[in-house]
Amino acid sequence: MQEIITALSNGSIYALMALAIGIIYSTTQIINFAHGSVIMIGAMTSYWLLSIFHMNYITAIILAVIINIVLSIVIYKVSVEKLGDLTQNSGWIVTLFGAGIILDNTARMLFGTEPKAYPFLFDGKVIPIFGTKIMVHEIMMILVAVLIGALYQIVMQKTNFGRAVRAVSFRPDTARIMGIRSNRIVLMCFAISGAVAAISGALIAPITFASYTMTYSVGIKAFAAALIGGLGNTRGAFVGGLLLGLIEEIANMIVPGGFVDSISFLIMIIVIIVLPGGILSAKLFNKGELNAEKI
Amino acid sequence: MPNSLIKANSMQKKYSRIFKMVCAAALLISFVLPLFAGDYYMRLISLIFIYIILAVGYNISAGFSGITSFAFAAHYGVGAYVSAVAITRYNMPFLVGLLAGALASGLVGLVVSLPASKVKHHYLALISIGLLEIVQQILNEWQWFTGGSGGMYIPSWDIFSISLNNFQKYYVIFIIMLFCVVLQRNLMKSRWGRDLIAIKNNEIAAAGVGINYSKYRIAGYFLSSILAGLAGSVYASFSGYLSPDTFNFEFTVFILLMAVVGGEGTLSGPIIGAVFVTFIPMLFNAAPDLKQIVFGALLVILPQVMPAGIAGTIKKYFKEIDNNNYIVEKTEGNEFDIERNVIKNNSEIEDILVVKGLTKRFGGVTAVDGLDMTIKRGTVHSLIGPNGAGKSTTVNMITGIDKPSEGSITFNGKEITGDKFFNLTKKGLSRTYQHVRLFNNLSVVENVAIGGRLFYSYSIIDSIFRTRKMKKEERKSFHEAMEYLKIINLNDKANYDPESLSAGQQKLLELARALYMKPDLLVLDEPCAGLSETETMEFAKIIHKIRNAGISILMIEHHMDLVMEISDYITVIDYGKKIAEGDPASVNTNPVVKTAYLGEGA
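Note that the protein sequences, when read in sequence, are chains A and B.
Okay, so the first sequence: first residue is 1 according to our numbering, each after it adds one.
Okay, so the second sequence: first residue is 1001 according to our numbering, each after it adds one.
Please keep in mind that the hints were generated in silico from the structure rather than gathered at the bench.
Treat the hints with care, as some may be off.
Ranges of calculated distance between the beta carbons of each label pair, as one might list FRET restraints [stated by the list, open to error]:
hint, chain 1, residue 1, chain 2, residue 2, range
1, A, 123, B, 1364, 54 to 60 Å
2, A, 115, B, 1028, 38 to 44 Å
3, A, 181, B, 1529, 46 to 52 Å
4, A, 112, B, 1038, 54 to 60 Å
5, A, 181, B, 1387, 27 to 33 Å
Even glycine gets a Cβ: it sits at the ideal position worked out from N, Cα and C.
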């Protein structure tokens, strides 16, 4: 029981992180390789606001979200905007990776190398459900993730902004002609992605400890989740995230601790080889035309 | 030869002399350096040589095959550990360990590049992060194999049971490095290299000249991971001690930076990059924390301000150095005509292409609906119809870019329905595109020459050793490419970048490339779109020449004057259905066609 809850709660945060990658991917067709670092910065800044400035949780998270939004916009401005046509030019892979390296090492200098114990929500209160003790924090992880996922889906389907995003992702140039400011839409997607990253980072930090190495220990799992599920859509992000949570828990039981992540990544690689568009591209889920993303 | 080329020739000689002198100087310095440099510098330079091998490997992947990978630290690590284990635990000789390391790394590379056939290239960058993490964990946790985080020691280096000192090690590494650099040059300057560059440039056009891009990509990545593994193996024996920390994210940054600084996709880039990036950190000895931040900043800034790196930027100024020598040599004197170069197909089949019940649905839309069409050998067959009638979709299905939902296509009496694009070119089908698809990283003459890649017969061994056979074939190929350039009057621009040509000239260049593939059937998708009146007339003349040489042509075109003038037969489609066909005169007077073009009651 406890394992299932852990798988679900971690999985939903992975889903959230994958969703943030998908938000950027769906408009620009690029993968934010600095995303792990952005998640880490979200966790670290909220930790510092909480423990050094003794702010309350809500204010700290909101400030961390704002910082991350600014950060993501800066990342876009500095490392992507000037590159021009992103489908022709793959320079963004290197520049975004470089941006991540800068963030990681700045964080190491600012926050130190020591992992910090991040406080749980509701002081780690435990409630008994079905005979096992479950932390309220874990339930909150699931709730927040589902809420944000649902909200994002509604925004995408029902609002003008959502329609603009879908237009830009389909044909950036045509969208521009139709009066949609493509650049601004992309910028906003980066901002939203940063905000979601901050929340996911802050929620998972109590479980993994907060340190500058979160980029590697947590952040890159976002990529695994996104790839396993299928890049660029909400459903894929949640399928991938939850599956990754489950895979991890199962791997935890059968292999020594140090190999758990290897198993996750191995499964990711196998999924890509077998189903290039992620689990959701399997014929089982697609009636008629195959939507797998190909060359 | 035209004057401009002769001029280019003398310039080329001048600059290539400078280039050769720089190379000779670098060689000489590396050769005599150990005689007076201290132990510290000798080790440092040896290390740079190892990094050059690694950078050459990464360059083949990122620069030539277009796969940006973060896993080269992992490949390097796999090579290092496998060779170390082979040497220490299984007491294998050094050279066997070297090979084992390189091969193991190559195998890992092969596995992770398998999806390359199916997904966009940036997926591979993601997969490579996963691979890096997996290798990190294995190095740290698999105590029995790697000695864990404590690291492992490798006994001193010996070749044929002669133990080497640092001085001798230096020369061994130097020779291995030279081998790798020469290997890179010879491969990339052969047809294999041009094919890789073409794929990186334009996948569809590459498939159009018959390159199976997924195979080439995987092969390219395989080769580069072997080289990275080789570098790792050399490093293991050179340093004598391995620790998992050597092969982490920071080292990945180092590798990326070597490529970015030196210049991806240039031959000398890896060397320049390795030297620079090894020396940059020395500026930060006082503040090691800053080093990674500066590296990161360089990775962000350099691709934007200097996308071609140091070598690429220099090359831009001295473009001629890198151009192919063969084109400026003397060509045969006699007049060239297309006819002589058409491969006569002996088949008696009169109908070169038969399309039956061809249907394509995109979701709910039926773009082409049960189309029947027959093209007779040696004719110019035009496919016309209003915008959105399904012409391009039809042509895409015939050339294998789109898969038909229903129906069959028979070419030269053989069923080709659903065949892959790059296989069709071998069967004698070539095409041009509605939007020009040229290889912008190759010169004008190389763009044509790549069309003739099907007729090469020299092997990869020939190109590694630059045998006479290889040189002869290359020379012949470029001479012929020049002849095709003469047909389209671009022979004086052979050394130019395709991007510097006008829109009309680019279209012609694409035609020359398709023609050099010596097809039975040439498919032209709106060849005259965007061409001026005179250019269109020029085009018509060339198409006449081609037809007279015996090549059948299927053409989509909107210029009605042109279509009526040069076509032997016309098929008109609207809403995916055939509404009329016949010779130009009968189509011209057909009331159904008029209605389709001009609306009801016209």
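Task: Numbers of unmet hints, in rising order - done: Violated hints (numbers, rising): 2, 3 and 4; every other hint is consistent with the structure.
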